[in-house]
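There are 2 protein chains.
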Amino acid sequence: MTQANKPDIKYLFEPRSVAIIGASHSKGKIGYKMVENIVYGGYKGKIYPINPKGGEMLGLRAYTGLDEVEGDIDMACIVVPAKYTFDAVRECARKNVKYLVVITSGFSEIGNRDEENQIVEFAKENGMRVLGPNIFGIYSAGGKINATFGPKDIMEGGVSIITQSGALGIAMIGKTKAENIGLSSIISLGNKADVDEADLLEYLVNEERTKVIMMYIEGIKEGERLICKLKEITRKKPVVVIKSGRSKRGAMAAASHTGSLAGADEVFSSIMTQCGVLRAESIEEALNWCKFFTEIPAPKGENCVIITNGGGIGVMCADACEKYGVELYDDIKTMKDAFADAVPPFGSLKNPVDLTGGAAIEDYERCIRAALNHKNIDSIICLGCEAAVFDVDKLPDMTESIFKDKRNLKPIVFSFVGGSRLEEKIGEMRRRGIPVFPELYSGVSCLGAAYRQFRYSKAQVEPDAVVDIDADTINEVIRGARADDRTFLLAHESSRVMEAAGIIMPQSRVARNLDEAVKYAESIGYPVVMKVVSKDIIHKSDAGGVALDLDNKEEIIDAYQAIMRNCKAYKADALIEGVEIAEMVNIKAGVETIIGARIDGSFGPTVMFGLGGIYVEVMKDVTFRSFPLTHREAVKMVSEIKSYALLLGVRGEKKKDINEVVNTILKVGAILQKCSDISDIEVNPLIVYEEGKGAKALDARILLTKSKVVE
Amino acid sequence: MTQANKPDIKYLFEPRSVAIIGASHSKGKIGYKMVENIVYGGYKGKIYPINPKGGEMLGLRAYTGLDEVEGDIDMACIVVPAKYTFDAVRECARKNVKYLVVITSGFSEIGNRDEENQIVEFAKENGMRVLGPNIFGIYSAGGKINATFGPKDIMEGGVSIITQSGALGIAMIGKTKAENIGLSSIISLGNKADVDEADLLEYLVNEERTKVIMMYIEGIKEGERLICKLKEITRKKPVVVIKSGRSKRGAMAAASHTGSLAGADEVFSSIMTQCGVLRAESIEEALNWCKFFTEIPAPKGENCVIITNGGGIGVMCADACEKYGVELYDDIKTMKDAFADAVPPFGSLKNPVDLTGGAAIEDYERCIRAALNHKNIDSIICLGCEAAVFDVDKLPDMTESIFKDKRNLKPIVFSFVGGSRLEEKIGEMRRRGIPVFPELYSGVSCLGAAYRQFRYSKAQVEPDAVVDIDADTINEVIRGARADDRTFLLAHESSRVMEAAGIIMPQSRVARNLDEAVKYAESIGYPVVMKVVSKDIIHKSDAGGVALDLDNKEEIIDAYQAIMRNCKAYKADALIEGVEIAEMVNIKAGVETIIGARIDGSFGPTVMFGLGGIYVEVMKDVTFRSFPLTHREAVKMVSEIKSYALLLGVRGEKKKDINEVVNTILKVGAILQKCSDISDIEVNPLIVYEEGKGAKALDARILLTKSKVVE
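Line by line, the protein sequences give chains A and B.
For the first sequence, the numbering used here begins at 1 and goes up steadily by one.
For the second sequence, the numbering used here begins at 1 and goes up steadily by one.
This is chain A alone, in the form it adopts within the complex (with noise of 0.2 angstroms):
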């Protein structure tokens, strides 16, 4: 596909003016609501609803067809069914329209694949993006434009939604309304036959109203751009993505529904976390989480105090710290300093904060107080039990009178267990955007998400790790191999791509006689491996044909011997044509990891990473990145498999060299990046030695694409 000048995202946000082809007079229909919603959203821009019956439409001319408008039009939206849908596309062709919504379901999603690709070709070609099909619109604040066929109340700020199902973006306008949560944007991507979650960031990254960006996602097609858009756009403002097909049988569910595979979750999972990417499990955590990002200041620092009138809640919330990252601050000084005045002799100055159960509101206010103005508390959490003295009728007023304080520029998440007069109170403090949650575990998730922002945010930029290869050397081997029709390589071709990346593969020589064989033994360095090279013997060790940890010239001299006799013994008419000489690696000084690398349908060039065999295989112990990959991220990823310990060394072992893991990733993904013919790489194992003592790997195996890339 071709695409003739690609037009600027912004006239999908801010288009100037706006056709509705298939717009209608009868009020049910899809046709009518589009139009109202943007009549009734206040759009400054130029309307044109085409119906070939004409006449007028919520006080519009309507037009017969898109020829009789005058003007230049940004976006068409397109309502008309299926079968007018190409139709309706070439005749925003002839009049240059930029981006088209369709509107209309019945393509890929129902199997109709190839329609759907034609029109998106033919718009390509035409100058034309496409956002769709089956989709229920876009809306926009930054247009001021609602053309969606949901609810034409939109509440106006700071987050913007990429949602990949329909039914489930048009709730979200009406759930998030409901909790109070405004919105920059909202966007169905339905099909994502052209438009994607990546173009839209495009957009999103500068959009000042965004705050905040939401993406629901159940399957990804150009999964190399976006992760470039992410890493750029997480730096700026937090991205938080629900996916769901997170379980074999969801997967399976997402296929179905959606006709496109999603990735292996873990893939996705690992992806999102190099990108900054906030994941949220379900719905209501990751509006919790949107609405905390848009109401709540960024944490400075790590150090967080739980102030609380009961132990048992403070207990819970410790664990719930733990489980969503968040730091409790413990220097005994600082405490005391802090609280001390604040907390009744029975109460406890360590972090979790006990006011106990005799505490009133003037107490625990006090306590905030003398948290918020502490230089070395960071963050809040406040909690409470509704208790005769704890008088929940004062809550709203002196949470909001905390909350709202410009001074108090720390981020603070409030959470009470009571009645339902205590219920009545928590609902008005939320109308009042302040931040209380029935159910502590929620505002923790809050304040755990904040402080992966914050981490991920403060983090210095740094660049993807480059890494020198001799891809000259890997591509004349590729050519050797697509020579030979194959699309794998051979041991010793693998071998050679190892070296020419700077992967260090054990020594080995083939020696044509015994002179040959000595003299590469000694300059490979005893002990080695002897084995016979002859392509009539399969099973060399059947045949006599292999000698381990030969330590000198003799034990040379008398293995090659043997092993002549033997494998002419086997097969008197074997050619031989000669033994490979290798070094005789000490598998057990080292430790066993498993580096595989491949081109994911979904997200590109890809790498994961794990301890060897059984590790992997039965433990599932693996984790994974995308290239490019920066050396941080790569150190990362070696130290976030629960064996790492191993090697740390453990049982008195010494630390292994975990750099050389570290540039080995980087050296396969390398050869990932530069050489686009090679689609597989699996090394396995790499066997890891002491620190310093580097790294080796025993066997590589390499697959092609299919199709051709060099020639």
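Keep in mind that the hints were calculated from the coordinates and are not lab data.
It should be emphasised that the depicted structure is a prediction, and the values quoted were computed from it without experimental measurement.
Just so you know, not all the hints are guaranteed correct.
Identical chains share a label here; the pair holds if one copy fits it or two copies do between them.
Stated by the list, open to error - Keeping only pairs whose Cα atoms sit at most 30 angstroms apart, straight-line, the calculated DSBU-like set for lysine-lysine is: (1) K394 x K27; (2) K588 x K642; (3) K425 x K27; (4) K636 x K248; (5) K221 x K350; (6) K425 x K29; (7) K248 x K323; (8) K540 x K654; (9) K300 x K248; (10) K323 x K300; (11) K394 x K29; (12) K620 x K693; (13) K323 x K375; (14) K350 x K248; (15) K394 x K152; (16) K333 x K248; (17) K177 x K425; (18) K620 x K636; (19) K519 x K588.
Starting from the structure of chain A, add chain B where the hints point.
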């Protein structure tokens, strides 16, 4: 402590008369509130407020002392300050009170452990039992008594709450009422100086009002009794537990809050599962489950169907089902049978059944009824996204007509996403008692809990495994060690214990001369290991006193002579008692496992199982159970570790002798249960061979209790 005439627990829940020692005339005081709540709650028994000033109180005569009371007193609530508490307890003893409800705080929770112990000991000696101290009291619908200083209005219902946190307990009285959850009782345990969860369960197990029990636990004291009670009760009614202090940080907070060190959370968790207890993470989750259990019929089978009008939430729900262990039904024929008429052409008949966004409430209802009427479908999750055609105003009546229909005896969960109008409707549905959840994960979590209860209660009762061991021999070994003043066993003593329990260790005998060495080697079977036996030679290998892998008589002779020669050279004056001839164990032919059993501080005899060395140490891949243990639980234990696949055989290896692992676990348990002097047994490693070929314990370490039990 001795307990004279332990009073029946029913007098705590259904006292015929109650005294309030410290009853007060002042409205703000706890001593007033207690009397007020008892009177207001409509208690039918005799009420005796005790106040030195006498007078009248809420229409009741106040007595100046217990002696003035003529009738018997079943329960005395003590609300006097800590320093007067013991006096009050003495007064109660003179009056033969049965239960002391000690509201007063200022005992072990602030370090005043001695007085608390003295009070309890005195009470027990005098036939009384103590609830508390440091509690808010007890409410019991069975006794129509609200002997708490919490809210006076308690809604009667089917949930009984046992709480170790007072503040949380009082708040939960309010919270349950606000959530429309009725209580059959709520009991504050406070410092748990005497009456504990197990005592209360004794009453609750057969109390008909109580449909479900919820416990908030911070620490366990007499876990063995609790386990025993839990196993009994969970077959009859669900028990939901929240235990705080599950994280490292939370456990620290709990220790400083309650003064009681919580056991390791993993142990608690495994044992609760063993007992059929449902562990909730948060208060909200626990209360949701409790409400669900009181309102929703139990499932009769595993087949769950999701019905949705949005594909996206259907996929998310499938994820939630996998997370919470709800099995999605997928018999294509049945699904077609049930839903072909109800699902539109573009919808999905596969589970999740997708009616698409075009479905009206009526289509939706038709589909749900089809599921309710189909005999192969056991439970239903109904999801909906608000949309123009999905008229949420109709939801309350529709869901009620389905849910309240007595013929529909299947568990059903509703969850809808949408705006404020829908939120109102959800509120209305909840008030009407319909199981509707604003967040689908909460709903599926309830159904998951119902399924776990279903599976536990339907499983056949299996008697605890009985294993025959030679306890006399073991106790004889113990006496020997005790005589030496040791609290550990020597290697040969541990071997004798293993042998007496039928756990196989490598054979070994000490030969005093070469003839014996040959004889023993031949009786054990080649290959064998030979080691010098001499208390003068500690480092046997250094002395050249070890020979491995001896295959025949000649090698025995050579090795014997070499060892004698080496040892004499190493230390000329060493007294050599002989050589140990031991079976040479092929470690590589089996899988290394570890069985560790000990008397846990909270739970008594417990056992840990995991795969050898690194799996346990690095991967923390272990599981726990308490003894006694059924055979089925022991099998479950072995199969639930992540590395179980290694026992099943990976990479073409044969299946290992899992049965022998199970037997060894049960034998270790038998030792711990029958020989009460033993506190710790570690069998490490236990090498497990191919199925049918058994297992061998290479080493066993056994520790004794600090004080003697066996004489």
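Run the structure past the numbered hints and jot down the numbers of the failing ones, going up.
none
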